[in-house]
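Colleague: Given the coordinates of chain E, assemble chain F onto it according to the supplied hints.
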Amino acid sequence: MTKYTKKNGLSRRTLLKGAAASVTAAGASLSAPMLWAQSNIVLRQAGTGVSAFNEIAEKAFEDLGITLEMTALDSDSVTQRVATQANSFDIADIEYWICKKVWPTGNLQAMDTSRITNYDKIAGTFRSGKLTPTSEIAQGTAPHTVGFTTGVDGTEFVQEESGWMTLIPTIYNADTLGIRPDLIGRPISNWSELLNPEFAGKASILDISSIGIMDMAMVVESMGEYQYPDKGNMTREEIDLTIGIFTEAKQNGQFRAFWKSFDESVNLMASGEVVIQSMWSPAITAVRSQGIPCVYQPLEEGYRSWGGGMGLAATLEGAKLDAAYEYINWYLSGWVGGFLMRQGYYSAVPETSKLFMSEDEWGYWYEGKESMGDIVAPGGQLLEGPGAVRDGGSFLDRMGAVACWNSVMDENQYMVRKWNEFIAA
Amino acid sequence: MERLFRRPGAQSWMLVSPIMLILVFFLLMPIGMITAVSFWGSTEFSIYPAFQFDNYEYLFGSQVVWNVFIKTFTFALITWAITLSIGFTVAYFLTFHVHTLTWQITLFLLCTIPFWTSNIIRMISWVPFLGRNGIANQSLIGMGLIDEPLEWLLFSDFAVILAFVHLYTLFMVVPIFNTMMRIDKSLIEAARDGGASGFQILTNVIIPLTKPGIMIGSIFVVALVMGDFITVRFMSGSQIANVGRLISNDIGLLQYPSAAATAVVLLCTVLITIAIMLRFVDIRKEL
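Just so you know, the protein sequences line up as chains E and F, in that order.
Numbering that gives the first Met the number 0 applies: residue 0 is where the first sequence begins, and numbers increase by one.
Numbering that gives the first Met the number 0 applies: residue 0 is where the second sequence begins, and numbers increase by one.
It is worth saying that the hints were derived from the structure and are not from the lab.
All figures in this text were calculated on a predicted structure; none of them were measured in a lab.
Hints should not be assumed to be uniformly reliable.
[As the list claims (entries may be wrong)] Derived EDC-like pairs: lysine to aspartate or glutamate, alpha-carbon spacing no greater than 20 Å straight-line:
#  : chain 1 : residue 1 : chain 2 : residue 2
1  : F       : LYS70     : E       : GLU366
2  : E       : LYS249    : F       : GLU150
3  : E       : LYS249    : F       : ASP192
4  : F       : LYS70     : E       : GLU420
5  : E       : LYS319    : E       : ASP62
6  : E       : LYS249    : E       : ASP229
7  : E       : LYS129    : E       : GLU366
8  : E       : LYS319    : E       : GLU159
9  : E       : LYS58     : E       : ASP73
10 : F       : LYS70     : F       : GLU188
11 : E       : LYS120    : E       : GLU159
12 : E       : LYS319    : E       : GLU57
[Unchecked claim] Some but not every residue of chain F turned toward chain E, in silico, with C-beta under 10 Å:
#  : residue
13 : GLU43
14 : VAL63
15 : ASN132
16 : SER138
17 : ILE140
Glycine included, every Cβ here is placed at the ideal spot set by N, Cα and C.
One chain only, chain E, in its complex shape:
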């Protein structure tokens, strides 16, 4: 290459020689990683931001040699992608209500539970629907109702454990309102506080219809305006009533903003624009790790719950399909569960996650016990010192108080249209 600077100039021939040499050199140095890349499996995972952490991708590469390309989108965008771009993902990291929407498109394939090592250890909520043998099933799209199908190409949901799962459950949680205790300065114990005029211009609700409508229903019931026979499956009149109440509040300036993605909710809360809003637990963790007080307030009426799981793209086959099973088995084997539990989620396979958490962490996050030492966020920021108790208490206290699940209703199209009007009103 240094020949290029020779004083007597550059003939066409030497240039060509040089170019050829450099091409072969590049070819030689590239060939090794190219071979390596051929055996390496890349899985494209599209999902909501709630569990798309780089740490998980790094660990998966370290343990399995599988490269994960994670795409984090808001819930509606993921739904859209799974429903319309079947070739754009290998693994869909979605929620059960999204599953209800997109399963009929045939873009996902069912999973053989006999290939899932820890299937027996998956929490009851995702199999029989019952948290404990005696618990009641909450209203809405409970995960087990859309969790099983008839076979690998099954299009119908079945209500018993059929051996073919639509999504492999990964994480779930009981959601409630997030508040800024320092800016509110009094106890909050009901969903109706979201529409309390005291917080006019300082409240927010999320702009994702299937989740937002359930938050609305919790508020409407709490206000004593209406008692739904089944808020997970409203009639048109009930939808009109619910959205009507919120449209009126919106026009009276109750809301500061609506949020659609996880980051927006963190910013609204951390900046003090909003003091009470619908929120997800890692968003609380994110606000708190900035040193700003934020509480995931347990409320008398109970929680609105959701479940997340991973679905396999219908296009997966051969080695890639095997790799996907391997990845899912790894996901349920504990490390990821432990990592996500520290975000405030519950792992769908708690037994294995326990192995990857300290006794103190397990006590704080799962059992609702007082912390003995410091409780640290996965990123290393201090969340709580000794003597702290998780908002809402133990797993059984929180998941036992679930009032409804995020839902896709029979009247979903009507609801979506009304929701759109609410946002535009």
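Modeller: Structure of chain F alone, referenced to chain E:
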């Protein structure tokens, strides 16, 4: 073959065909498809071919949709008025008060500096500035001008219009500056010699001669504002809707036929608006 080439007009057709093919494939066909889909039906997760007017019936029957269209026009009108006055003033200053070409170019380039970053970043950087505890409110409180933070600075009509003006003023400056630079300075001297006052020169000479530039800038601004959805979403905290947001919400919820119908109506509205604007100035004649 040779005979084909000799036919009158054949060469012109050949010359025009590349651009025509591009326009047919990338403009006319997509618009045709959107129009076709706007008559389709949809379920929650799929769309099916049909010929029904449901989507349009809903559009024209819903009070919310009418309000949203009115809002879209309001935004376009206010943004147009503000960008026009700022754009005209800036162009006027650059043309008539800056006397050397070097300085004119330097100052003009200064106007483009904000455009070195993306639209979204320029827009989002307003959020911490205008927020309840943002720089604007803190400075105003610090100066003792207000006691309580101003709530309407962010997530409001004001914020949306501010962002629009910030984003789109340059689209007004450029064409106006361009036509103003071409005004023959001797016309102004002649007017002055004829005894016209500064204001008369402005209204009788400069404005009429700048009309094509004003009109081109206006078309840019109106089309951009009416088609926007992301600025409205971020600056209003998702609370305000314009037509673009109706479409994007529909797409997000997989209601493609409804989105297509709204898009067709929006397209027609914008075309009619621009047609009306072009009645006032014949751009081709004046350029």
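Colleague: All the hints need checking, so say for each whether the structure fits it.
Modeller: We went through each hint and held it up to the structure:
no., hint, verdict
1, LYS70(F) / GLU366(E), "violated, 52 Å"
2, LYS249(E) / GLU150(F), "holds, 15 Å"
3, LYS249(E) / ASP192(F), "violated, 61 Å"
4, LYS70(F) / GLU420(E), "holds, 14 Å"
5, LYS319(E) / ASP62(E), "holds, 17 Å"
6, LYS249(E) / ASP229(E), "violated, 25 Å"
7, LYS129(E) / GLU366(E), "holds, 19 Å"
8, LYS319(E) / GLU159(E), "violated, 29 Å"
9, LYS58(E) / ASP73(E), "violated, 24 Å"
10, LYS70(F) / GLU188(F), "violated, 45 Å"
11, LYS120(E) / GLU159(E), "holds, 17 Å"
12, LYS319(E) / GLU57(E), "holds, 19 Å"
13, GLU43, "holds, 5 Å"
14, VAL63, "holds, 4 Å"
15, ASN132, "holds, 5 Å"
16, SER138, "violated, 16 Å"
17, ILE140, "violated, 14 Å"
The structure does not agree with the numbered hints 1, 3, 6, 8, 9, 10, 16, 17 stated previously, though it agrees with the rest.
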